[in-house]
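Chemist: What follows is each chain in one-letter form.
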Amino acid sequence: MKSAIIIFPGTNRERDMAIALERASGQRPAMLWHRDSALPAGLDLVVLPGGFSYGDYLRCGAMAAQSPIMAAVRDFAARGGHVLGVCNGFQMLCEAGLLPGALLKNASLRFLAQDCALRVERADTVFTRGFRQGAVFRATMAHGDGNYFCDAETLARLEGERLVALRYADANLNGSINAIAGVVSPNLRVMGLMPHPENSVDPLVGGTDGLPMFTGLAEAFATV
Amino acid sequence: MKVRVTVMPKAGVLDPQGKAIAQALAGLGFEGVAEVRAGKVLMLDLAETNPAAARAAGEAMARRLLANTVIESFTVELA
Numbered sequence: 001m002k003s004a005i006i007i008f009p010g011t012n013r014e015r016d017m018a019i020a021l022e023r024a025s026g027q028r029p030a031m032l033w034h035r036d037s038a039l040p041a042g043l044d045l046v047v048l049p050g051g052f053s054y055g056d057y058l059r060c061g062a063m064a065a066q067s068p069i070m071a072a073v074r075d076f077a078a079r080g081g082h083v084l085g086v087c088n089g090f091q092m093l094c095e096a097g098l099l100p101g102a103l104l105k106n107a108s109l110r111f112l113a114q115d116c117a118l119r120v121e122r123a124d125t126v127f128t129r130g131f132r133q134g135a136v137f138r139a140t141m142a143h144g145d146g147n148y149f150c151d152a153e154t155l156a157r158l159e160g161e162r163l164v165a166l167r168y169a170d171a172n173l174n175g176s177i178n179a180i181a182g183v184v185s186p187n188l189r190v191m192g193l194m195p196h197p198e199n200s201v202d203p204l205v206g207g208t209d210g211l212p213m214f215t216g217l218a219e220a221f222a223t224v
Numbered sequence: 001m002k003v004r005v006t007v008m009p010k011a012g013v014l015d016p017q018g019k020a021i022a023q024a025l026a027g028l029g030f031e032g033v034a035e036v037r038a039g040k041v042l043m044l045d046l047a048e049t050n051p052a053a054a055r056a057a058g059e060a061m062a063r064r065l066l067a068n069t070v071i072e073s074f075t076v077e078l079a
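These protein sequences, in sequence, are chains A and B. Each residue of the first sequence is one higher than the one before, starting from 1 at the first, in our numbering. Each residue of the second sequence is one higher than the one before, starting from 1 at the first, in our numbering.
Treat the hints with care, since some could be wrong.
If you want a taste of the chain A side facing chain B, the calculated C-beta under 7 Å gives, among others [what the hints assert, rightly or not]:
{"id": "1", "residue": "Lys105"}
{"id": "2", "residue": "Ala107"}
{"id": "3", "residue": "Gly206"}
FRET-style restraints, in silico, Cβ to Cβ [said to hold, decoys possible]:
{"id": "4", "chain 1": "A", "residue 1": "Glu159", "chain 2": "B", "residue 2": "Val33", "range": "29 to 39 Å"}
{"id": "5", "chain 1": "B", "residue 1": "Ala24", "chain 2": "A", "residue 2": "Gly26", "range": "21 to 31 Å"}
{"id": "6", "chain 1": "B", "residue 1": "Ser73", "chain 2": "A", "residue 2": "Gln114", "range": "32 to 42 Å"}
Calculated directly from the structure, the hints in this document are not laboratory data. Just so you know, even glycine gets a beta-carbon here, dropped at the ideal spot from N, CA and C.
Please put together the full structure from these sequences, using the hints given.
Modeler: Pasting the structure below:
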């Protein structure tokens with residue numbers, strides 16, 4: 001699997017993401033700076049990791065979505081490339097218009113730094129194929145603005161076309177509409193989610209509940 | 001020319017900040033505050049000297065970056 005992680009000023013989860021991708025695939029991802037204007041050739045996957053790009057100025061992910069590299073990411077997605085956005089990366093994908101909706105401040109106004117349970121609503125994407133359909137796994141949340149919102153029409157389309165990939169399984173702590181934790185694009189190749197599966201890939205550090213996301217990706221893009 | 005862009009959470013979009021402020025006002029003894037909505041104001045100092053063009057530029061900037069029209073509405077005024 002040939003992957004690349006994009007780093008913005010204020011990104012802080014790129015190393016965890018790199019460890020997760022390398023652990024699953026055996027291949028080290030390329031690390032790209034937001035001012036780069038091109039992606040390496042032959043990429044299978046681009047990852048927008050978590051953090052607080054540009055100090056969350058204006059809106060979370062709004063400034064990053066206008067970065068030079070994002071034009072290349074948009075092109076990559078338009079050509080059918082796979083893009084994963086986690087936490088701040090999910091916010092960027094929404095701000096960039098690659099996924100519908102937006103992430104509002106948590107309904108409680110509290111920053112949430114704790115585990116949550118996620119239910120796999122569809123396991124037929126490259127991002128979720130490592131899980132069983134309907135499986136529930138634990139993941140860490142670390143966000144102040146994870147309250148997924150979209151208008152009624154968009155929500156009906158997301159649910160009707162089964163584009164909700166992950167849902168909060170027990171408590172919906174951030175107040176997301178329909179307890180949505182992760183969504184996919186209609187071609188199933190762009191996915192964003194608020195919790196951090198890359199936190200949970202090592203039995204010595206918090207368990208391996210998140211590992212199937214990365215082993216699934218590695219299998220999907222294994223070079224035979 | 002100076003242009004003022006006011007960005008507000010759309011009607012129907014949960015505004016937990018506004019809610020918290022309303023509760024704080026009630027706690028301070030200010031009665032009769034039915035609702036508070038919290039938005040932001042951006043003051044743009046533009047080189048443009050034509051009022052209509054300045055307003056149009058402000059609107060283009062609001063649509064592209066200053067507001068997220070999924071969750072926010074905006075107004076543009078000459079200031």
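Chemist: Against this structure, judge whether each hint is valid.
Modeler: Cross-check of the supplied hints:
| no. | hint | verdict |
| --- | --- | --- |
| 1 | Lys105 | holds (5 Å) |
| 2 | Ala107 | holds (6 Å) |
| 3 | Gly206 | violated (29 Å) |
| 4 | Glu159/A x Val33/B: 29 to 39 Å | holds (36 Å) |
| 5 | Ala24/B x Gly26/A: 21 to 31 Å | violated (54 Å) |
| 6 | Ser73/B x Gln114/A: 32 to 42 Å | holds (33 Å) |
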